[in-house]
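Student: Sequence:
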Amino acid sequence: MSQGISLTPEQREAAHLLDADCIVSAGAGSGKTRVLVERFLHILSLYGDDPAILDSIVAITFTEKAATEMKGRIRRQLAERMEEAERSGRREEADRWYRLMVESERAAIMTIHAFCARLLRDFPVEAGVDPQFAVLDEAEARLLLRDAVREELLSGAGTSGDSPLLDWLAGIGISRGIETLSGAMRKMAGYGWTAEELGEITRRDLRRSAIRLKQVREETLIQFLEAGDALLEMRGGKRLKAFQAEWPRLREHFLREKGPEILLPAVERALELLKGHWGKNEDLRLLRDRMKEAGGNLAEALRGQLLLPAERETLDALLPLLARIEERYAAAKRERKALDFEDLQLLACRLLEEREDVRRRLRGRIRFLMVDEYQDTNGLQKRLIDTLRRRPDGSPAPGKLFVVGDPKQSIYRFRGADVSVFGKTRKELLAEGGREVTLKANFRSDPRLVRFANGLFSRLMPSGPGEPDGYREAEARGRAGDDGPCVEYLAVPGKEERAGRSVREAEARLIARRIADLIAEGWRPGDIAVLFRAMTEVKRYEEELIRRGIPFYVVKGRGFYDRQEIADVLNLLRWLTDPEDTLALAGVLRSPFCAASDETLWWLKEAGALGRPESWAEVEEIPAAEREKLEGFRRLAERAGRLMGRVPVADLIEEVLEESGYHLALWATPQGEQARANLEKLVRLARSRKGDSAYSPDLFLEEMELLIDQQTPETEAAVQSEGADSVKLMTIHQSKGLEFPVVIIPDLARRLPGGPDGMVVDEESGLAVRLYGPSGEALETARWLMAKEKDRRLEREESVRLFYVAVTRAEKRLILSGVPEEHKEAKDGGEILSSGSWSKWLDAVLDYGRIDWEAGRWALSDGEGDLPIAVWGGEGEAPEENATRSALDRFLEEMENGQTEVPDDEDWKGMRPRGLTERDRVRVSVTRLMVLINCPRKYFYQYVIGMPSPEEEDRSAGTEEAEEDGAAGMLTPILKGNLVHRMLELLPDGPLPEEELSRLLRQAAAEMKLSPALLHRARKETEPLIRRFLSGRIHREARHCRKVMKEVPFFVRIAGLEMEGIIDRLQWNRRGEWELIDYKTNDVAPQEAEEAAEEYLPQLRLYALAALREWGIVPARATLFFLRPGVEVSFEVDGAWLDEADRMLESAAGTLKRGGTAADFAPRPGKRCAHCAYRWICEAAQGSARAGAHSGGA
1 MSQGISLTPE QREAAHLLDA DCIVSAGAGS GKTRVLVERF LHILSLYGDD PAILDSIVAI
61 TFTEKAATEM KGRIRRQLAE RMEEAERSGR REEADRWYRL MVESERAAIM TIHAFCARLL
121 RDFPVEAGVD PQFAVLDEAE ARLLLRDAVR EELLSGAGTS GDSPLLDWLA GIGISRGIET
181 LSGAMRKMAG YGWTAEELGE ITRRDLRRSA IRLKQVREET LIQFLEAGDA LLEMRGGKRL
241 KAFQAEWPRL REHFLREKGP EILLPAVERA LELLKGHWGK NEDLRLLRDR MKEAGGNLAE
301 ALRGQLLLPA ERETLDALLP LLARIEERYA AAKRERKALD FEDLQLLACR LLEEREDVRR
361 RLRGRIRFLM VDEYQDTNGL QKRLIDTLRR RPDGSPAPGK LFVVGDPKQS IYRFRGADVS
421 VFGKTRKELL AEGGREVTLK ANFRSDPRLV RFANGLFSRL MPSGPGEPDG YREAEARGRA
481 GDDGPCVEYL AVPGKEERAG RSVREAEARL IARRIADLIA EGWRPGDIAV LFRAMTEVKR
541 YEEELIRRGI PFYVVKGRGF YDRQEIADVL NLLRWLTDPE DTLALAGVLR SPFCAASDET
601 LWWLKEAGAL GRPESWAEVE EIPAAEREKL EGFRRLAERA GRLMGRVPVA DLIEEVLEES
661 GYHLALWATP QGEQARANLE KLVRLARSRK GDSAYSPDLF LEEMELLIDQ QTPETEAAVQ
721 SEGADSVKLM TIHQSKGLEF PVVIIPDLAR RLPGGPDGMV VDEESGLAVR LYGPSGEALE
781 TARWLMAKEK DRRLEREESV RLFYVAVTRA EKRLILSGVP EEHKEAKDGG EILSSGSWSK
841 WLDAVLDYGR IDWEAGRWAL SDGEGDLPIA VWGGEGEAPE ENATRSALDR FLEEMENGQT
901 EVPDDEDWKG MRPRGLTERD RVRVSVTRLM VLINCPRKYF YQYVIGMPSP EEEDRSAGTE
961 EAEEDGAAGM LTPILKGNLV HRMLELLPDG PLPEEELSRL LRQAAAEMKL SPALLHRARK
1021 ETEPLIRRFL SGRIHREARH CRKVMKEVPF FVRIAGLEME GIIDRLQWNR RGEWELIDYK
1081 TNDVAPQEAE EAAEEYLPQL RLYALAALRE WGIVPARATL FFLRPGVEVS FEVDGAWLDE
1141 ADRMLESAAG TLKRGGTAAD FAPRPGKRCA HCAYRWICEA AQGSARAGAH SGGA
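Residue numbering for the sequence shown follows UniProt numbering, beginning at 1 and increasing consecutively.
Heads up, a few of these hints could be off.
Capping the alpha-carbon separation at 27 angstroms, the derived lysine-lysine pairs in DSS-like fashion look like this [unchecked claim]:
| no. | residue 1 | residue 2 |
| --- | --- | --- |
| 1 | K280 | K824 |
| 2 | K788 | K976 |
| 3 | K187 | K495 |
| 4 | K65 | K382 |
| 5 | K214 | K333 |
| 6 | K238 | K187 |
| 7 | K187 | K65 |
| 8 | K827 | K187 |
| 9 | K736 | K824 |
| 10 | K241 | K214 |
| 11 | K187 | K333 |
| 12 | K337 | K400 |
| 13 | K976 | K187 |
| 14 | K187 | K788 |
| 15 | K440 | K427 |
| 16 | K187 | K400 |
| 17 | K292 | K382 |
| 18 | K1043 | K1020 |
| 19 | K382 | K976 |
| 20 | K788 | K424 |
| 21 | K788 | K495 |
| 22 | K280 | K258 |
| 23 | K333 | K71 |
Restraint-style ranges between C-beta atoms, simulated for each label pair [as the list claims (entries may be wrong)]:
| no. | residue 1 | residue 2 | range |
| --- | --- | --- | --- |
| 24 | R1053 | A1116 | 46 to 52 angstroms |
| 25 | E327 | S420 | 28 to 34 angstroms |
| 26 | P973 | A330 | 40 to 46 angstroms |
Don't read these hints as lab results, they were simulated from the structure. Note that beta-carbon positions come from the ideal geometry of N, C-alpha and C, so glycine has one too.
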């Protein structure tokens, strides 16, 4: 008989344990897949004569790839055992292994979703589903759910009046609201809840919260009063005496009043008295601190009580909304006869729980149930497994359940995974007589890497007997590598050394240089993997690898929809379906479809002919060669128009690409091969569409727009195969289960996401939301604060596990890269996980202070050796001969050497490279756009080449930083403007007592860290501006407005730009009209306000467009309020006004995307030149000054 796979004693114990349920804790590299395969084979060796044995074993894997791999391993092992039995003359045994090998393809080794789908198809009538149901993939389901949320939200918002729901939507924004509600629906489904069940859990927790707040208030009030009374008996300095003078009155107030709205100001006053330095008396300070702690808890409880009514009202609006979304989404799936992944699990659970006959049959059929990657399951999946693991009568079935996992590698919380499920199952199994087996041996990594991981993660993860899911040190069983370094650290240089480059640009260069060195040392490109937390910045790393000629393969990246060639095709389809879309047309004309020059586009616009192709030939200023291009494109568009709707969209795209010679134009670009592959992939995507969207460009575009808006991950087409000898770029999640000789982990200083976005669905508390006040200010309820803190803690814990997964992928060498950051909190005795930065965690555990930068070594704190450091040593420019050249570059070189001839072909007229390439989607602030619109040349000086103005160069070192935080001896215009804006944000909409104005100034000044010397100056300069606002129309109307939104941030995508900024104020008056308001604090005389307003008009237009895109708000007017003279200048907003805004933004976007030299950024001389910081180096400004002087002399 075959002895099977070579196993360690622990592995063999786990694989052969069939008389008790077993849970296996398998560390990284411990051979858990080997154990699963051996267990499957061991069962077959014992029960292989049973014809139904393969049907009685169910193995659940996390991915389809893992299921396929496991089947392949089992099949190979069956073949080996058959051959071994034949060699030994055991004919009967060989025949049995042969039969099992042939039948193994039908083995129930599958994902949990595939298992549930099979179950529902086996019992469609009992489950109440169509037996021919389709299964939506994740992207399809997200898009369908997003549509359901958007339709229900917008229809509900339109009829809800001035409701809490409208307040919530106004505060969070429509687009964020859609994403937040979609996430809540997915989380709800992951728990297996209906909206009704979510409502029951939420209302139950709301009642508990009210009781809890009442208890906290009563307990902390007693502690607060006791501490205050004790302070009356103490002796001390001025602070104590001031407190003692006021405390008796406050104490009576606390004993007499009951309402939280009355008590809270008194508590806050008492806490104000407790601030400052109270001397050196330790007893006094301890008593003061005790009172502060009790007072803080009391104030929080009172705020929670104050917000309870508003919280109830908001939840009473949101819970029915979720129920309506649930029904709309279900109806959309019924219409398509489709189920999503959550439906599969939930319906399978309900089928087994509600139909005893089905439950008994399935329990009887399954004798052995194995589950892999159990740490990444959720409560609903546990519910399903718990139902299956028993006997038909519901009694325990020892030996039936076998689960394998590693809590240290649970990294799918964003998909609903719950690491606590592993611990709960362990506890239940052990209580019922089950066994736990721990696999601690690491066969994957160099022993030094194992030692490094143990030293690092034993500090970052909880450990000890009281932590069942804590860190358990691995035992090194892998082979030791050579004597060279096994761990490296690439320190990304500081700002001064980066020569104006961003952190990621500098890191990309550093990593590409290190990879080139590794390859030179003898490593193959295929040995190396770069593991990212997110693929959002992967393009920068790709560009550096391309520059050095290093082959790479991106595993399921995100860049497909951002590529220019994809945008070009979609722009062409947009214009063909909507000839009024001149922005899309401009993009197409500049693309290789036409390759028109910017001058041509300018003349078309000047003549008003851009949107009228029939008039292009009449524009006399356009050169003959350009007219020929336009005529060729017009013929292409006419042919495409005739084909629309008559041929599939895929055929239409292929036709225009072929007819225009677009593919030939790509030959002139360094990434032409990639671009051609992407276009072929777009055609395949179009060909995969079903129904009307296969023929309708409108519907195809609608699907593409949704995918782009949703930021659906879609990798670029592969030009290297995954198995090729190339560097792999992938996320850490994608690397799970894989291993690589060399692993590089970049971006160690990356911050964690900012926490939940306005809404949380929690297993214990149900739905918790952040509220928003009438002015759009965020209000945090007690339940929200608890849910947010819990989410923050879970996010940090998972981030540690993600770091662990990344580190343990390395077999021979681990390279860590990032900006070195000091972890001050940890060094002062705080928790290491108080920060979410992996770079800071390294400092807390290993201490950057131990680095010998000259020697390039990092002395470990435990004295066990050194951690070699690869110290950054310059830009690491690639040699010129390594730079990647385009096919055209190579062709021209051949032509120069007389090896080829220039083809005389019409297609070559479209070969000129265009400017719009890698900077397709530019992120820019409104402030920068204002500079660009008013004077492109100034934008070029300031932002493109980063040239400091002569005035800036004359400033002494450190002044700029000092002005930032108000520590300098002057109140700069920027600082004054920020101070005024903050005070206006804090102002209530009603009357303002005199002392409140002073308090607001102090609060704003403290937030901006103004020095005491500046506070008097700030009051003198800002109070007149605030008083003018208080006496003005806008403030008078505010108290009667339906809604006031202050300092509202936005981030919108318009004209291929990602535009961000902050709108000072939006008011919705009683007549139902919105007004957009922008404050100006500059020194303007009343008679100059109208002229100055024209300078700021572009800014108002951009804000109006942002309001329309972000919240669907169309202001009736836009107002500039010049605070110094107290003058308002308003503009009526209509369709023409917004059209002009679109045209203005389109022009700015074109300049940004094509511009690279000063010639692309034409100066716009005028009065503003007299105040421009670059007037001394700009010839146009100097010319303007001379013209002004001559004019004045005349």
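Student: Give me the numbers of the hints this structure contradicts, sorted from smallest to largest.
Tutor: Of the numbered hints, 2, 3, 5, 6, 8, 9, 10, 12, 13, 16, 17, 18, 19, 21, 22, 23, 24, 26 do not hold.
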